[in-house]
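What follows is the residue order along each chain.
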Amino acid sequence: MAFINYSAREINCKLVYYGPGLCGKTTNLKQIYEKTAQAAKGKMISLATETERTLFFDFLPLALGEIRGFKTRFHLYTVPGQVFYDASRKLILKGVDGVVFVADSQEERFEANLESFDNLKANLEEQNYELDKIPLVLQYNKRDLPSAVPIEELQECLNPTGKLITFEASAASGKGVFETLKALAKLVIADLKKGSK
Amino acid sequence: MSMTQQLVLFEEDHRRILEVAERLTVDANAKAIFLVDKNGQLVAEAGELKGIDTTSLASLVAGNIAASGGLAKLIGEDEFPVHFHQGERDSVHVTLVAQRIILVVIFDERSSLGLVRLRVKKAGNKLSEIFDKVFKRVESGLGDEGLGSPFAEISDDEIDNLFSD
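Line by line, the protein sequences are chains Y and U. When you line the first sequence up against the working numbering, it's residues 1 to 197, in that order. When you line the second sequence up against the working numbering, it's residues 1 to 165, in that order.
Just chain U, same shape as in the assembly (with noise of 0.2 Å):
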């Protein structure tokens, strides 16, 4: 297989992002944050908008970060990193961070923009380190190490009993 690199999470990859998200949620004074892969798999959430739709969100982000990624190609911008859609009551903040992973901030009345920006700055940083580090490991090939994937000896039984329906 080549192509673009498979994403593999561990618990303490989740954690140390998920701290990360919440000290931006309370930094920022946002309402959510959302952090979304390139291809539209949530990653991890933060904050009180739980109970909304985060599989819809997410491809929905995604979809919109490649529409204008490729927007900006055809205009001979590599990428537009930074979106802000502005709403009456709700804004969404839309940053791109280690070139794959797309960090959304959602905040209303009680935070600003230029607030947002700011953390969104620091809390970038920070991400970016993570998820280099996870995307070279799964580059080295050890993205399955110490606790063995879940594919590797799967039977097609199991992949049958999927489909018991």
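This is chain Y alone, in the form it adopts within the complex (with noise of 0.2 Å):
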């Protein structure tokens, strides 16, 4: 849960990129770093294994403007997305605020979004959130690979209410990236907002 400091005047919030393996959670946090000012991130902290899959999470820290005259801050995590590092997306997921869902479009990926959409549902349900209460955007990745499946067939799956907000990237080359965090973030303030009422 968000954490607001009237000390420092700042307010906190714990993002979470989701999603299968090698759906393209850690490139988005990459693409993220490398187009963000300098003074607007912190150091961006990947555990992962020898061979670049993420073992327990990726981790950026970044700092947008001042709402009434207090800093935004949003930790952004990804989880690792193999099907046997559940225990550790479940511990990362605690305190969450927001999650993008990352589904890789490729045909051969699809069985793949749903056990993991599936899997952040019940993880999700296990902490007493609901997945159609917490602010929640669907990025829809690798949009540019020739075996991507038309996107009506993902919504169909994914959204079949048409109730998310869903981008279409290429995380590789940065396209959707912004518009996926950026949607989130506001979602996520908005969420604030209703809660402070």
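Rather than coming from a laboratory, the hints here were simulated on the basis of the structure. All of these numbers come straight from a predicted model, not from anything done at the bench. C-beta: ideal position from N, C-alpha, C; glycine also. Heads up, some of the hints might be wrong.
Claimed, not checked - Interface residues of chain Y toward chain U, partial, derived using beta-carbon atoms under 7 Å:
| hint | residue |
| --- | --- |
| 1 | Ala2 |
| 2 | Asn12 |
| 3 | Lys14 |
| 4 | Met44 |
| 5 | Ala48 |
| 6 | Leu62 |
| 7 | Gly65 |
| 8 | Leu91 |
| 9 | Ala112 |
| 10 | Leu114 |
| 11 | Phe117 |
| 12 | Lys193 |
To be verified - Footprint (simulated), chain U over chain Y, 3 or more residues, beta carbon under 8 Å:
| hint | stretch |
| --- | --- |
| 13 | 54 to 61 |
| 14 | 138 to 151 |
| 15 | 164 to 172 |
Unchecked claim - SDA-like, lysine to any residue: derived pairs with alpha carbons at most 20 Å apart:
| hint | chain 1 | residue 1 | chain 2 | residue 2 |
| --- | --- | --- | --- | --- |
| 16 | Y | Lys193 | U | Arg137 |
| 17 | Y | Lys186 | U | Glu139 |
| 18 | Y | Lys71 | U | Ile159 |
| 19 | Y | Lys90 | U | Ala152 |
| 20 | Y | Lys30 | U | Leu60 |
| 21 | Y | Lys194 | U | Glu139 |
| 22 | Y | Lys193 | U | Glu77 |
| 23 | Y | Lys193 | U | Val138 |
| 24 | Y | Lys71 | U | Asn64 |
| 25 | Y | Lys186 | U | Ile159 |
| 26 | Y | Lys186 | U | Leu60 |
| 27 | Y | Lys194 | U | Ala152 |
| 28 | Y | Lys71 | U | Ser56 |
| 29 | Y | Lys90 | U | Asn125 |
| 30 | Y | Lys94 | U | Ala152 |
| 31 | U | Lys38 | U | Gly87 |
Put the complex together from the two separate chains, hints included.
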């Protein structure tokens, strides 16, 4: 949950990038890191295996501007996507303020997306969050790849009601990365506003 | 909103927390003290380690506590409330306070594990008292009393302006 510090006049929020293995969560963070001004970002930490698969999490702190004299800071985390790291994913979801679900558009990863989305739902519920109440943005990644399935097919399975905000992206080139982040950050702040009334 | 409660810290809380942390730095002969929320947010710091990357420190400490907490549950323990990492020069002593706050003490050969343990116990009790009050206040919905939440009156334009890069 957000941490509001009146002494430092800071608001800290935690955003988590979720999705199946190799869908591009870490790539999203790397792009954000590379394209953010030095003053607005901290060090990016990756706890990864020797083959650069995320082992525990990636972490990137970002400072946005001020709202009413309060500095807004977002702490971005990724989860390890591989199925057997579920215990770690649960830990990282603790205290989350908003989630980006990164789906892999490739046909051969269709099932993996569904499995990961169900896993997100289950892990959120375990912590008394509700999937349709938490700020959540869907990113359809790897749109540039030849085996990408049509958006409609992905929508049908992951966003059947059409309620979620979605973005097409190819994180490796940076396309759609900031749009996704901004949309989620806005949802999170709007949610805090709602909660404080 | 349900979930884990939000942490709202007022200046008075922060001043009291800092007082205990600074006292502990002196009493335990520590290089530095950090207080970190379990979600990885830095709450307060004291001592001579200014200039180190405290944001990374907070996130890694929280990750560490989360991982060992998961491990504890696996073997039927509720939590491992005390952690100690011994380095060649500097060592790190980590304890949980009020179930949600992580107290990190960094010390070198000028101090000892025994002294740190002793002083942490006393400071931990004081910090527990302070944080229990903070959490109770949030729980009872008085978190924004008197000061007004910075969010209550925020406009959509203001949110948009955050991203006017």
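- [ ] Identify every previously stated hint that the structure contradicts and give their numbers, smallest first.
- [x] 4, 5, 6, 9, 10, 11, 14, 15, 17, 19, 22, 24, 26, 29, 30, 31
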